[in-house]
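Student: Given the coordinates of chain A, work out where chain B should sit on it, guided by the hints.
Number of protein chains: 2
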Amino acid sequence: MRLSRYFLPVLKETPSEAQIVSHRLMLRAGMIKQASAGIYSWLPLGYKVLRNIEQIVHEEQIRAGHIPMLMPTLQSADLWRESGRYDDYGQEMLRITDRHGRDMLYGPTNEELITDIFRSHVGSYKDLPLTLYHIQWKFRDEIRPRFGVMRGREFLMKDGYNFDLTKEDALHAYNRHLVSYLRTYERMGLQAIPMRADSGPIGGDDTHEFLVLAETGESEVFYDAQITDLKFGDRAIDYDDKAQCQAVLEEFTSRYARTDETHDEAEFAKVPEERRRTARGIEVGQIFYFGTKYSDAMGATVADSEGNKVPVHMGSHGIGVSRLLGAIIEASHDDNGIIWPEGVTPFHCGIVNLKQGDAEADAACDALHASLTALGLEPLYDDRNERAGGKFATMDLIGLPWRITVGPRGLKNGVVELTSRRTGESEELPPEQAIAKVAAIYGKAVA
Amino acid sequence: MRLSRYFLPVLKETPSEAQIVSHRLMLRAGMIKQASAGIYSWLPLGYKVLRNIEQIVHEEQIRAGHIPMLMPTLQSADLWRESGRYDDYGQEMLRITDRHGRDMLYGPTNEELITDIFRSHVGSYKDLPLTLYHIQWKFRDEIRPRFGVMRGREFLMKDGYNFDLTKEDALHAYNRHLVSYLRTYERMGLQAIPMRADSGPIGGDDTHEFLVLAETGESEVFYDAQITDLKFGDRAIDYDDKAQCQAVLEEFTSRYARTDETHDEAEFAKVPEERRRTARGIEVGQIFYFGTKYSDAMGATVADSEGNKVPVHMGSHGIGVSRLLGAIIEASHDDNGIIWPEGVTPFHCGIVNLKQGDAEADAACDALHASLTALGLEPLYDDRNERAGGKFATMDLIGLPWRITVGPRGLKNGVVELTSRRTGESEELPPEQAIAKVAAIYGKAVA
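Heads up: the sequence lines are chains A and B, in that order.
Per the UniProt record's numbering, residue 1 is the first one in the first sequence, and the count goes up by one each step.
Per the UniProt record's numbering, residue 1 is the first one in the second sequence, and the count goes up by one each step.
Extracted from the complex, chain A is given alone in its bound form:
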């Protein structure tokens, strides 16, 4: 993509309404624009990152055997009356009346609707286990929306629902989600720590939140420092293997890690003092097992192998897709701007032409752009008539992890400069080697 043909409205000044760094940087980098309180338009750069995050979530859900579908944003109030949550939910639920006077609502979550789909179509234990999920816009009418996409009103969430015959099977679904979430967040360059949590309005006993450590986190967290050494990595996992999933859960949850909501000083005191940590964290996901809460209330039963009708065991599992953009930026930025992890970056690398209009420099940039594109990579080529300093500042602000700088002086020596956004380190090398290096970073084969 040539910047001259793109829409990247970066801001020179720091918007005064933004209190935290991710919100400031998303506004400054031209990623979002507030449409109304707590509701944002995703400008092209922000939209690309949102799609990348969504794609990783889809891939990891499908890898775990979960089935994608899509439920609508608006729901009938009747289903929520069945579960009893219509009255419980309070003012965060956006209630809507249609032209015929019917009570509707903008879904803040989907337990009722998915349970209704399940009970309409599934009648036998033979159709279990089943986990359905979707990635859809939700609305929670926060009294004071703030922190940009971190606590917006209209937000994108992945929510998945498992249906199982027994508690044991449902707890396997719970573990499977925990494992797949660990993979999901690591692919985004995040360490998200599962912490025992409160279930809130979803209900249920077993629940873990996933928290990313960041100074601006809304929750205070308490944990055993050993936990930050754990990596899921690229280990092979068979999601059907109950023991394997259980072992991962134990590995990642046996050490003390809790938010202020569930913190227990006496338990925490058992952690050796030198490993006790207090910090702040951003919640980026949560998993729940809630048994037959909804299936009892809504009559979601299946016939077991002896023909008896039994309520299904369920859980629900969420990832805050739009919120993750904020969380990643909180965890990965410096004074000059965002530093995207390679897994979610909107463009794979930047190309900066130091002397736009110089025939040789223009030709070299065009060739780099074409070669990288042919490899299946997406470079962003700053081809504007701007000073080098301005071009560097924009690239630093929008946070592409790699930058190739091209100028007449280097080209005389047959080299361009490849710079890491994260370390700031640069090396001079011939264009074809720069291409090969960037391709290797993203796992693309050079022919």
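Keep in mind that the hints were calculated from the coordinates and are not lab data.
Among the hints, a few may not be true.
You can't tell identical chains apart in this list, so a pair holds if it fits in one copy or across any two.
No farther apart than 20 Å at their CA atoms in a straight line, the calculated lysine to aspartate or glutamate pairs in the DMTMM-like style are these [what the hints assert, rightly or not]:
(1) K126 / E386
(2) K309 / E250
(3) K437 / E215
(4) K33 / E17
(5) K12 / D127
(6) K33 / E13
(7) K231 / D87
(8) K33 / D78
(9) K437 / E417
(10) K167 / E432
(11) K33 / E82
(12) K33 / D127
(13) K309 / D334
(14) K412 / E265
Tutor: Frame of chain A; chain B shown alone:
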């Protein structure tokens, strides 16, 4: 995908509420489930087709140089008061009041919001031309929603907006959209005819609707039979080339083709009698040039090359993404079910095991499944313990364009059967040849 692990709730009986064939087939094939009046959940099979259609729209928009972004579903009423449409729009607009008593609405379209984004960020003619688009859920509170996803209340639409300095440039954007839409629909296996249309509440003089001919179409259409011989095909097009785009527009719109709204008997009479056709059509898209209607009302100006502030020329361009599923089925089905065009099919082919549990048949099906998957294809393997007749009926109903049937008798002779859903023709051939043939149909190389 193994059917035993999928969620495909096909219905034996024809739902009585469905009046048209696409609605009946989508319900029967387990693609959708009504959540409330005119609002649908997209079950896994329906969601896959929806995503395939969305993907084609994205690819063709990006090919034409248009930039993807995403605006929210809920909008503030204030912007619509600026354009004057808040009061004009009537009861089809779903009006919402939030907890602070602010007037909001569920966007039926996005001219106001995109114009606000433009005026906030773009100030110079140097940033033009610019075309931004998004694919987002919309809501129109139809008084009598019907025909399933064809006339639902919550629906998925691609809407794009061009911003240009002059009328001439904006008309080029209009032509560019017309060309890209022709490509888009053809890739979905549809012939969509551009017809001169009424502009309705969007406003403007120049507008074409794209109509797919189908008996159940809501519009009566009148056209010159020559028009159905036109194919865009795989011709190369440079979307920056004004003359090229203009020539395509002329080729596809110079013959008589109008809906009942703009039909002119006197003009129609000039078409030679043997070429005059009357039929019914389904609208699947519309393009508009409306000049400075919104930029005047909302103050969206740029400085021209002499520094004068001038209002930008705009147009908007929509494709009914969710509605297209219904349109494709209306245009492509038979008594046994849906017949998906290869471009949008949810699975590339079906695999039917005639004798589940037979070691040889099971192994052959597993091998086919693995080989097709390794080629980047997605087969749906019916591995249930069902009679062959039931498996064939399901495959015919859900409409996968190709089916490979595997049974002990054929395997003794070293063959499986490859069947076209469209023609019903079958041929027996060794499994590896069946794989090669399916791969070739979808443009995948066999190693």
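Student: Would you mind marking each hint as holding or not holding in the structure?
Tutor: Evaluation of the provided hints:
For a Cα distance limit of 20 Å, the shortest separation of K126 from E386 across copies, 13 Å, qualifies, whereas the shortest one inside one copy, 65 Å, does not. In this assembly of identical chains, the alpha carbons of K309 and E250 never lie at most 20 Å apart, being 33 Å within a copy and 65 Å across copies at closest. For a Cα distance limit of 20 Å, the shortest separation of K437 from E215 qualifies neither inside one copy, at 34 Å, nor across copies, at 57 Å. With identical chains, the CA atoms of K33 and E17 are at most 20 Å apart within one copy only, with a shortest distance of 12 Å there and 43 Å across copies.
Taking identical chains as interchangeable, the C-alpha atoms of K12 and D127 lie at most 20 Å apart only when they sit on different chains, with a minimum of 17 Å there against 57 Å within one chain. With identical chains, the CA atoms of K33 and E13 are at most 20 Å apart within one copy only, with a shortest distance of 14 Å there and 49 Å across copies. Proximity of K231 to D87 under the C-alpha cut-off of 20 Å is found in neither arrangement, the shortest distances being 42 Å within a copy and 57 Å between copies. When the C-alpha separation of K33 and D78 is checked against a cutoff of 20 Å, the pair qualifies only between copies, where the shortest distance is 16 Å, while the shortest distance within a copy is 35 Å.
In the homo-oligomer, the alpha carbons of K437 and E417 lie at most 20 Å apart inside one protomer (12 Å), although the nearest pairing across protomers, at 47 Å, exceeds that limit. Taking the shortest Cα distances, K167 and E432 never come within 20 Å of each other, neither inside one copy (57 Å) nor across copies (44 Å). With identical chains, the CA atoms of K33 and E82 are at most 20 Å apart between copies only, with a shortest distance of 19 Å across copies and 38 Å within one. Taking CA atoms no more than 20 Å apart as the test, K33 paired with D127 passes between copies only; the shortest distance there is 18 Å, against 45 Å inside one copy.
Taking the shortest Cα distances, K309 and D334 never come within 20 Å of each other, neither inside one copy (58 Å) nor across copies (38 Å). Proximity of K412 and E265 under a CA criterion of 20 Å is satisfied in neither setting, with 66 Å inside one chain copy and 71 Å between copies.
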